[in-house]
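K.L.:
Using the sequences and the hints, build the whole thing.
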Amino acid sequence: SQDLMRLSAEMARHYGVRMHTHLAENDHDIAYSLEKFNRTPTQYAEDLGWLGDDVWHAHCVKLDDEGISLFAATRTGIAHCPCSNMRLASGIAPIRKMIEAGVPVGLGVDGSASNDAAHMVNEARQAMLLARLRKSLERPQVNADGKTIFGCDTAPMEMTARDALRLATRGGAEVLGRKDIGQLTVGYCADMALFDLRSLR
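Okay, so the sequence shown: first residue is 1 according to this note's numbering, each after it adds one.
If you are wondering where the hints come from, they were derived from the structure by calculation, not from laboratory data. Any given hint might turn out to be false.
Cut-off 27 Å, straight-line C-alpha distance, at most; resulting in silico cross-link-like pairs (DSS-like, lysine-lysine) [to be verified]:
hint, residue 1, residue 2
1, K135, K147
2, K97, K135
3, K97, K179
4, K147, K97
P.N.:
Okay, here's the thing in C-alpha coordinates:
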(Lines of atoms letter the chains of each structure in order from A and count residues from 1; the text may use other names and numbers.)
(Lines give C-alpha, C1' and ligand atoms only; values in the text may rest on other atoms or scores of the structure.)
Protein backbone atom coordinates (compact mmCIF):
# COMPACT_ATOMS: atom_id res chain seq x y z
CA SER A 1 0.00 0.00 0.00
CA GLN A 2 1.03 3.62 -0.36
CA ASP A 3 1.15 4.09 3.40
CA LEU A 4 3.38 1.05 3.83
CA MET A 5 5.78 2.29 1.15
CA ARG A 6 5.94 5.77 2.70
CA LEU A 7 6.46 4.38 6.19
CA SER A 8 9.13 1.99 4.89
CA ALA A 9 11.01 4.91 3.37
CA GLU A 10 10.74 6.93 6.58
CA MET A 11 11.88 4.01 8.72
CA ALA A 12 14.78 3.17 6.40
CA ARG A 13 16.02 6.74 6.51
CA HIS A 14 15.58 6.92 10.27
CA TYR A 15 17.82 3.86 10.69
CA GLY A 16 20.18 4.74 7.84
CA VAL A 17 19.52 1.67 5.72
CA ARG A 18 19.18 1.57 1.97
CA MET A 19 15.98 0.80 0.08
CA HIS A 20 15.44 -1.49 -2.87
CA THR A 21 12.56 -2.66 -5.03
CA HIS A 22 11.80 -3.38 -8.69
CA LEU A 23 10.50 -0.65 -10.99
CA ALA A 24 9.37 -0.10 -14.60
CA GLU A 25 10.36 -3.62 -15.58
CA ASN A 26 7.92 -4.07 -18.47
CA ASP A 27 5.02 -2.50 -20.35
CA HIS A 28 2.51 -3.94 -17.89
CA ASP A 29 4.19 -2.05 -15.02
CA ILE A 30 3.77 1.22 -16.90
CA ALA A 31 0.14 0.55 -17.88
CA TYR A 32 -0.80 -0.55 -14.35
CA SER A 33 0.79 2.48 -12.71
CA LEU A 34 -0.89 4.90 -15.12
CA GLU A 35 -4.28 3.22 -14.75
CA LYS A 36 -4.18 2.78 -10.96
CA PHE A 37 -2.34 5.95 -9.87
CA ASN A 38 -2.33 8.19 -12.97
CA ARG A 39 1.45 8.35 -12.50
CA THR A 40 4.40 6.70 -14.21
CA PRO A 41 6.27 4.28 -11.96
CA THR A 42 9.00 6.88 -11.47
CA GLN A 43 6.52 9.60 -10.53
CA TYR A 44 4.81 7.20 -8.15
CA ALA A 45 8.12 6.22 -6.55
CA GLU A 46 8.93 9.92 -6.11
CA ASP A 47 5.53 10.54 -4.46
CA LEU A 48 6.26 7.75 -1.96
CA GLY A 49 9.79 8.90 -1.12
CA TRP A 50 11.42 6.05 -3.02
CA LEU A 51 13.92 8.14 -4.98
CA GLY A 52 17.28 9.25 -3.59
CA ASP A 53 20.91 8.29 -3.26
CA ASP A 54 19.91 5.69 -0.67
CA VAL A 55 17.59 3.84 -3.09
CA TRP A 56 18.18 1.48 -5.95
CA HIS A 57 15.64 -0.12 -8.25
CA ALA A 58 16.05 -3.30 -10.27
CA HIS A 59 15.37 -3.32 -14.03
CA CYS A 60 14.00 0.12 -15.03
CA VAL A 61 13.77 -1.24 -18.57
CA LYS A 62 10.89 1.09 -19.42
CA LEU A 63 12.20 4.26 -17.79
CA ASP A 64 11.32 7.22 -20.00
CA ASP A 65 13.41 10.37 -20.42
CA GLU A 66 11.65 12.10 -17.52
CA GLY A 67 12.32 9.07 -15.33
CA ILE A 68 15.97 8.99 -16.31
CA SER A 69 16.28 12.70 -15.48
CA LEU A 70 14.64 12.18 -12.08
CA PHE A 71 16.94 9.25 -11.30
CA ALA A 72 19.97 11.33 -12.29
CA ALA A 73 18.88 14.38 -10.29
CA THR A 74 18.22 12.31 -7.16
CA ARG A 75 21.18 9.92 -7.66
CA THR A 76 18.78 6.96 -7.49
CA GLY A 77 20.56 3.78 -8.54
CA ILE A 78 19.63 1.05 -10.99
CA ALA A 79 20.49 -2.65 -10.88
CA HIS A 80 20.53 -3.64 -14.55
CA CYS A 81 19.53 -7.32 -14.93
CA PRO A 82 20.04 -8.15 -18.62
CA CYS A 83 19.67 -11.96 -18.43
CA SER A 84 16.41 -11.70 -16.50
CA ASN A 85 15.13 -9.03 -18.88
CA MET A 86 15.87 -11.31 -21.83
CA ARG A 87 14.34 -14.39 -20.23
CA LEU A 88 11.13 -12.53 -19.36
CA ALA A 89 11.14 -10.57 -22.65
CA SER A 90 10.83 -7.35 -20.66
CA GLY A 91 12.77 -5.29 -23.18
CA ILE A 92 16.20 -3.70 -23.38
CA ALA A 93 17.03 -1.01 -20.83
CA PRO A 94 18.46 2.27 -22.21
CA ILE A 95 21.68 1.85 -20.25
CA ARG A 96 23.87 4.18 -22.32
CA LYS A 97 21.30 6.98 -21.98
CA MET A 98 21.12 6.38 -18.22
CA ILE A 99 24.89 6.44 -17.79
CA GLU A 100 25.29 9.59 -19.89
CA ALA A 101 22.57 11.29 -17.82
CA GLY A 102 24.52 10.52 -14.64
CA VAL A 103 22.37 7.72 -13.22
CA PRO A 104 24.33 5.28 -11.02
CA VAL A 105 24.05 1.87 -12.74
CA GLY A 106 25.33 -1.50 -11.57
CA LEU A 107 24.53 -5.09 -12.45
CA GLY A 108 22.18 -7.57 -10.82
CA VAL A 109 21.06 -11.10 -11.56
CA ASP A 110 17.45 -10.68 -10.31
CA GLY A 111 16.96 -14.16 -8.84
CA SER A 112 16.55 -17.84 -9.58
CA ALA A 113 13.01 -17.43 -10.93
CA SER A 114 14.31 -15.51 -13.94
CA ASN A 115 18.04 -16.23 -14.00
CA ASP A 116 19.23 -19.79 -13.58
CA ALA A 117 22.93 -18.96 -13.61
CA ALA A 118 23.51 -15.90 -11.39
CA HIS A 119 26.91 -15.56 -13.08
CA MET A 120 28.15 -11.97 -12.81
CA VAL A 121 30.72 -12.26 -15.61
CA ASN A 122 28.03 -13.55 -17.95
CA GLU A 123 25.73 -10.76 -16.78
CA ALA A 124 28.38 -8.19 -17.74
CA ARG A 125 28.77 -9.81 -21.16
CA GLN A 126 25.02 -9.81 -21.75
CA ALA A 127 24.81 -6.16 -20.68
CA MET A 128 27.38 -5.31 -23.33
CA LEU A 129 25.65 -7.34 -26.05
CA LEU A 130 22.18 -6.05 -25.24
CA ALA A 131 23.31 -2.41 -25.26
CA ARG A 132 24.81 -2.94 -28.70
CA LEU A 133 21.67 -4.70 -29.92
CA ARG A 134 19.48 -1.87 -28.64
CA LYS A 135 21.57 0.64 -30.56
CA SER A 136 21.47 -1.43 -33.74
CA LEU A 137 17.66 -1.55 -33.56
CA GLU A 138 17.57 2.26 -33.74
CA ARG A 139 17.91 2.26 -37.51
CA PRO A 140 19.21 3.91 -39.52
CA GLN A 141 22.53 4.67 -37.89
CA VAL A 142 24.44 7.54 -39.41
CA ASN A 143 28.09 8.48 -38.95
CA ALA A 144 29.48 12.00 -38.43
CA ASP A 145 29.57 12.55 -42.22
CA GLY A 146 25.85 11.84 -42.50
CA LYS A 147 26.35 8.49 -44.20
CA THR A 148 24.34 5.44 -43.20
CA ILE A 149 26.40 2.82 -41.38
CA PHE A 150 26.05 -0.69 -42.77
CA GLY A 151 27.65 -4.00 -41.85
CA CYS A 152 28.17 -5.94 -38.68
CA ASP A 153 29.18 -4.58 -35.28
CA THR A 154 27.82 -1.12 -36.01
CA ALA A 155 27.53 -0.13 -32.35
CA PRO A 156 30.69 -1.28 -30.54
CA MET A 157 30.96 1.95 -28.56
CA GLU A 158 27.41 1.71 -27.22
CA MET A 159 28.94 -0.50 -24.55
CA THR A 160 32.54 -1.64 -24.56
CA ALA A 161 33.91 -4.55 -22.54
CA ARG A 162 35.47 -1.96 -20.22
CA ASP A 163 32.06 -0.28 -19.76
CA ALA A 164 30.50 -3.63 -18.88
CA LEU A 165 33.27 -4.40 -16.40
CA ARG A 166 32.71 -1.00 -14.80
CA LEU A 167 29.01 -1.76 -14.34
CA ALA A 168 29.92 -5.03 -12.60
CA THR A 169 32.46 -3.41 -10.27
CA ARG A 170 32.55 0.34 -9.67
CA GLY A 171 28.99 0.76 -10.89
CA GLY A 172 27.66 -1.70 -8.34
CA ALA A 173 29.67 -0.05 -5.56
CA GLU A 174 28.25 3.35 -6.52
CA VAL A 175 24.68 2.04 -6.57
CA LEU A 176 25.18 0.58 -3.09
CA GLY A 177 26.77 3.77 -1.77
CA ARG A 178 29.97 1.88 -0.94
CA LYS A 179 33.32 3.64 -1.01
CA ASP A 180 35.29 0.56 0.03
CA ILE A 181 34.57 -1.87 -2.82
CA GLY A 182 34.39 -1.96 -6.60
CA GLN A 183 38.05 -1.52 -7.49
CA LEU A 184 41.46 -2.93 -6.75
CA THR A 185 42.81 -0.12 -4.60
CA VAL A 186 44.84 -0.05 -1.40
CA GLY A 187 42.49 -0.07 1.57
CA TYR A 188 39.49 -1.42 -0.34
CA CYS A 189 37.82 -4.75 0.40
CA ALA A 190 38.52 -7.31 -2.30
CA ASP A 191 37.02 -10.57 -3.48
CA MET A 192 39.09 -11.43 -6.52
CA ALA A 193 38.63 -14.02 -9.25
CA LEU A 194 41.26 -14.86 -11.85
CA PHE A 195 40.41 -16.12 -15.33
CA ASP A 196 42.66 -17.94 -17.78
CA LEU A 197 42.18 -16.00 -21.01
CA ARG A 198 44.17 -18.48 -23.10
CA SER A 199 41.12 -20.66 -23.76
CA LEU A 200 37.44 -20.18 -24.42
CA ARG A 201 34.84 -20.98 -21.78
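K.L.:
The structure should be examined with respect to each hint, and the outcome stated for every one.
P.N.:
Checked hints:
For the hint linking K135 to K147, the alpha-carbon distance of about 16 Å falls within 27 Å, and the restraint holds. Only pairs whose Cα atoms come within 27 Å are accepted, and K97 paired with K135 is accepted, the gap being roughly 11 Å. With a C-alpha separation of about 24 Å, the suggested pairing of K97 with K179 holds against the 27 Å cut-off. Taken as a hint, the K147 and K97 pair is honoured in the structure, with Cα atoms around 23 Å apart against an allowance of 27 Å.
Every hint from the earlier list agrees with this structure, and none is contradicted.
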